[in-house]
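K.L.:
In case you want the letters, here they are:
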Amino acid sequence: MTQFLQQLINGLSIGSVYALMAVGYSLVYSIMNFSNFAHGGVIMFGAYFGFFYLTLFRLPFTVALLGAAISTSILAIIIERTAYKPLRNRKAPFLYFIICAMGMSIFLENIIIALPFIGPTFRTYPEIFSKTPIKIGSLAIGRLDLLMFIISSICLGLLVYFIDFTKIGKAIQATSYNIKASALMGINTDFIIITVFALGGFFAGIAGVLFGMKYTVYPQIGVITNKSFIAAVFGGLGSLPGAVIGSILLGIIETFTSGYVSSQYRDLIAFVLLIAILVIRPRGLMGKLNEDKA
Amino acid sequence: MDYYIQGILILSGINLMAVLGLSLLTGFTGLFSFGHAGFMAIGGYTAAAMTVKYHIPFIPALLIGAIVASLVSALIGVLTLKLKGDYFCIATLGFGEATRLILDNMQYFGGARGWPGIPAYTNFTNVIIINIIGLILLANLIRSKHGRNMIAVREEELASQISGINVFKYKLISLMISAAYAGIAGGLMAHYMTFLQPKMFALTKSTELTIIVIFGGLGSISGSVLGALVLTSLPEILRAFSNWRLVIYGLAVIIIMITRPEGLMGGYEFTPKSMKKLFFNLKEKRLKKSAGR
Numbered sequence: 003m004t005q006f007l008q009q010l011i012n013g014l015s016i017g018s019v020y021a022l023m024a025v026g027y028s029l030v031y032s033i034m035n036f037s038n039f040a041h042g043g044v045i046m047f048g049a050y051f052g053f054f055y056l057t058l059f060r061l062p063f064t065v066a067l068l069g070a071a072i073s074t075s076i077l078a079i080i081i082e083r084t085a086y087k088p089l090r091n092r093k094a095p096f097l098y099f100i101i102c103a104m105g106m107s108i109f110l111e112n113i114i115i116a117l118p119f120i121g122p123t124f125r126t127y128p129e130i131f132s133k134t135p136i137k138i139g140s141l142a143i144g145r146l147d148l149l150m151f152i153i154s155s156i157c158l159g160l161l162v163y164f165i166d167f168t169k170i171g172k173a174i175q176a177t178s179y180n181i182k183a184s185a186l187m188g189i190n191t192d193f194i195i196i197t198v199f200a201l202g203g204f205f206a207g208i209a210g211v212l213f214g215m216k217y218t219v220y221p222q223i224g225v226i227t228n229k230s231f232i233a234a235v236f237g238g239l240g241s242l243p244g245a246v247i248g249s250i251l252l253g254i255i256e257t258f259t260s261g262y263v264s265s266q267y268r269d270l271i272a273f274v275l276l277i278a279i280l281v282i283r284p285r286g287l288m289g290k291l292n293e294d295k296a
Numbered sequence: 094m095d096y097y098i099q100g101i102l103i104l105s106g107i108n109l110m111a112v113l114g115l116s117l118l119t120g121f122t123g124l125f126s127f128g129h130a131g132f133m134a135i136g137g138y139t140a141a142a143m144t145v146k147y148h149i150p151f152i153p154a155l156l157i158g159a160i161v162a163s164l165v166s167a168l169i170g171v172l173t174l175k176l177k178g179d180y181f182c183i184a185t186l187g188f189g190e191a192t193r194l195i196l197d198n199m200q201y202f203g204g205a206r207g208w209p210g211i212p213a214y215t216n217f218t219n220v221i222i223i224n225i226i227g228l229i230l231l232a233n234l235i236r237s238k239h240g241r242n243m244i245a246v247r248e249e250e251l252a253s254q255i256s257g258i259n260v261f262k263y264k265l266i267s268l269m270i271s272a273a274y275a276g277i278a279g280g281l282m283a284h285y286m287t288f289l290q291p292k293m294f295a296l297t298k299s300t301e302l303t304i305i306v307i308f309g310g311l312g313s314i315s316g317s318v319l320g321a322l323v324l325t326s327l328p329e330i331l332r333a334f335s336n337w338r339l340v341i342y343g344l345a346v347i348i349i350m351i352t353r354p355e356g357l358m359g360g361y362e363f364t365p366k367s368m369k370k371l372f373f374n375l376k377e378k379r380l381k382k383s384a385g386r
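So the sequences go chain by chain: R and B.
Heads up: the first sequence is residues 3 to 296, going by the working numbering.
Heads up: the second sequence is residues 94 to 386, going by the working numbering.
What the hints contain is simulated information worked out from the structure, not anything from laboratory work.
Predicted model only: the values in this text are computed from it and were never measured.
We put the beta carbon where it would ideally sit given N, CA and C, even for glycine.
Careful: at least some of the hints might be erroneous.
[Said to hold, decoys possible] With beta-carbon atoms standing in for the labels, derived distance ranges:
{"hint": "1", "chain 1": "B", "residue 1": "Thr-287", "chain 2": "R", "residue 2": "Tyr-163", "range": "53 to 61 Å"}
{"hint": "2", "chain 1": "R", "residue 1": "Met-288", "chain 2": "B", "residue 2": "Arg-236", "range": "42 to 50 Å"}
{"hint": "3", "chain 1": "R", "residue 1": "Phe-164", "chain 2": "B", "residue 2": "Ala-167", "range": "41 to 49 Å"}
{"hint": "4", "chain 1": "B", "residue 1": "Phe-261", "chain 2": "R", "residue 2": "Asn-35", "range": "17 to 25 Å"}
{"hint": "5", "chain 1": "B", "residue 1": "Ile-101", "chain 2": "R", "residue 2": "Lys-93", "range": "36 to 44 Å"}
{"hint": "6", "chain 1": "R", "residue 1": "Met-3", "chain 2": "B", "residue 2": "Gly-100", "range": "53 to 61 Å"}
{"hint": "7", "chain 1": "B", "residue 1": "Leu-371", "chain 2": "R", "residue 2": "Ile-76", "range": "43 to 51 Å"}
{"hint": "8", "chain 1": "R", "residue 1": "Leu-186", "chain 2": "B", "residue 2": "Gly-257", "range": "18 to 26 Å"}
{"hint": "9", "chain 1": "R", "residue 1": "Met-288", "chain 2": "B", "residue 2": "Gln-254", "range": "23 to 31 Å"}
{"hint": "10", "chain 1": "R", "residue 1": "Leu-186", "chain 2": "B", "residue 2": "Ser-256", "range": "49 to 57 Å"}
{"hint": "11", "chain 1": "R", "residue 1": "Leu-186", "chain 2": "B", "residue 2": "Phe-288", "range": "34 to 42 Å"}
[Said to hold, decoys possible] In silico lysine-lysine, DSS-like type, Cα no more than 25 Å apart, as pairs:
{"hint": "12", "chain 1": "R", "residue 1": "Lys-93", "chain 2": "B", "residue 2": "Lys-177"}
{"hint": "13", "chain 1": "R", "residue 1": "Lys-182", "chain 2": "B", "residue 2": "Lys-177"}
{"hint": "14", "chain 1": "R", "residue 1": "Lys-87", "chain 2": "R", "residue 2": "Lys-216"}
{"hint": "15", "chain 1": "B", "residue 1": "Lys-177", "chain 2": "B", "residue 2": "Lys-262"}
{"hint": "16", "chain 1": "B", "residue 1": "Lys-366", "chain 2": "B", "residue 2": "Lys-238"}
{"hint": "17", "chain 1": "B", "residue 1": "Lys-378", "chain 2": "B", "residue 2": "Lys-366"}
Modelling step: build the complete structure from the supplied sequences, incorporating the hints.
P.N.:
And the structure:
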């Protein structure tokens, strides 16, 4: 029983970070209907920004976290402006967006490796929070795990508030429902797209820092973040609650597989789950149905 | 010929084989796959198992690899080809990564550490011959009734369904043939590198193949050939820049997508006929120009 609860707590904490990443995929998908594979690169940049803010500039943790988040949201906007805007202007099919995103993710990953002062070395975050876990009965909760869960929950709460109760949030909802009609109703869809990328980038930065603190920072970290993409598909691409639920479920499934079966099968389970969900229920747990408009 | 250049040409030929298959699927049937490295892996491991463990000659081993890859693709296709657009891409992505991770855990094939000691049967001559056979078969397939049906599916799925084309069947046939090509490419690669490792067939490999097809131009076999030659040798030419070459590669992909999305050839083909036409058009233009003067 203790082990079960322990795994559940670990799963919740890693799942909540996946959720931060997955909302980025889902937000972009809900408006632009393509999977933004460059998001993994943005998350990786977030981890690096946080690392350098903490070590080079010796900023306090909260400032470094916010700084990383703001830097990545600017990066996400730059990516949108340079790579996706020209395609959007030309009304290119979704596939060109995916290829462009893939190119962008190759570019982001390798520019980190190529830059002489960063390079491909693994880096560990300085120890900000002590490693001694908090004991509740026989359970041991890592301080970092707790922090990850709390920060992610706060961020997701803020996102829900933003989407549901502010004017821009409502505009995002309208745009995701029908981009042409909302443009006709006077919504500046170009601005909405920028907002969506900025939001996704902001959470990517926070997730990157948390992920970097939990593990290490290295240029291929974006590959691991592919799992948050699976979580987004699992929950239903384009649906925010779906992305959150999917991520938490994926986090729990992963920790249980590595706890009870073998850690070698952890990644395999994620991809098998992806295929299974696409075969059984392609729109995910709560995604919108993508009907064929001919 | 210089050993180094020959090596690059062999690698281009291996890539070209996989790209030809993907070109059929993507360029002529309109389906995008991010899992073709998975089919290459299946073909490669099967062919290598045939030659190493069962001592079967090279060419039959390649064919067995192709058949196995094709059968696996049929299974995947039946399950996922009904998915629309983006979702089929994602399903193939999941398939490719799952294949790699399963191979990582398969100790029979050496697991993640890799599998050394595969005999080096692939050489310049047989790569060229296999590629030419592959090209001829593909060109004839595309000009046949079945090829035209596939192009119809690409252009307008609903309309072709109404005209009596079995859309699902043609998508499945296209996927199976393209997986067979990828399987042969995998087998050639196994017997060229003499070493196999699941890492060689990661998502980046699938992306590379798709990028080559798009770079060459969708719906053009000659574009795919050109793309495979250029993009396989480009990282070699840029080798002097070491770390920067993949940065340039990524940038090149983005710039092509933005500025010339139809690719190098953009649906045109190099055939003796088209060359003649091009030549005569130039001549006519020159004549007109001189007449105008």
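K.L.:
Between Met-288 of chain R and Gln-254 of chain B, does the C-beta distance stay in 23 to 31 Å?
P.N.:
Because 30 Å falls inside the window, the suggested range holds.
K.L.:
Going straight from one Cα to the other, do Lys-177 of chain B and Lys-262 of chain B come out at no more than 25 Å?
P.N.:
15 Å, holds
K.L.:
Given the hint of 53 to 61 Å, check if Thr-287 of chain B and Tyr-163 of chain R actually sit that far apart at their C-beta atoms.
P.N.:
Hint holds: Cβ distance 59 Å, inside 53 to 61 Å.
K.L.:
Measure nothing beyond the straight line between the CA atoms of Lys-366 of chain B and Lys-238 of chain B; if it is 25 Å or shorter, mark the hint as holding.
P.N.:
21 Å, holds
K.L.:
I want to verify a distance hint. Is the separation of the beta carbons of Leu-186 of chain R and Phe-288 of chain B within 34 to 42 Å?
P.N.:
The hint (34 to 42 Å, Cβ to Cβ) is violated, given that Leu-186 of chain R and Phe-288 of chain B are roughly 59 Å apart.
K.L.:
A range of 43 to 51 Å was offered for this pair. Does it hold for the Cβ distance of Leu-371 of chain B and Ile-76 of chain R?
P.N.:
The hinted range 43 to 51 Å holds for Leu-371 of chain B and Ile-76 of chain R, with Cβ atoms some 48 Å apart.
K.L.:
Range first: 36 to 44 Å. Now tell me if the beta carbons of Ile-101 of chain B and Lys-93 of chain R are that far apart.
P.N.:
38 Å, holds
K.L.:
Given a hint of 41 to 49 Å, does the C-beta separation of Phe-164 of chain R and Ala-167 of chain B actually sit inside it?
P.N.:
46 Å, holds
K.L.:
Does Lys-177 of chain B lie within 25 Å of Lys-93 of chain R when you go C-alpha to C-alpha?
P.N.:
Given that 25 Å is the threshold and the Cα spacing comes to 19 Å, the pair holds.
K.L.:
Check whether the Cα positions of Lys-87 of chain R and Lys-216 of chain R lie no farther apart than 25 Å.
P.N.:
Between Lys-87 of chain R and Lys-216 of chain R the Cα gap is close to 35 Å, so the pair fails against 25 Å, i.e. violated.
K.L.:
Take the C-beta atom of Leu-186 of chain R and the C-beta atom of Gly-257 of chain B, compute their distance, and say whether it sits inside 18 to 26 Å.
P.N.:
At 39 Å between Cβs, range violated.
K.L.:
With a cut-off of 25 Å on the C-alpha distance, tell me whether Lys-182 of chain R and Lys-177 of chain B pass.
P.N.:
22 Å, holds
The structure does not agree with the numbered hints 8, 10, 11, 14 stated previously, though it agrees with the rest.
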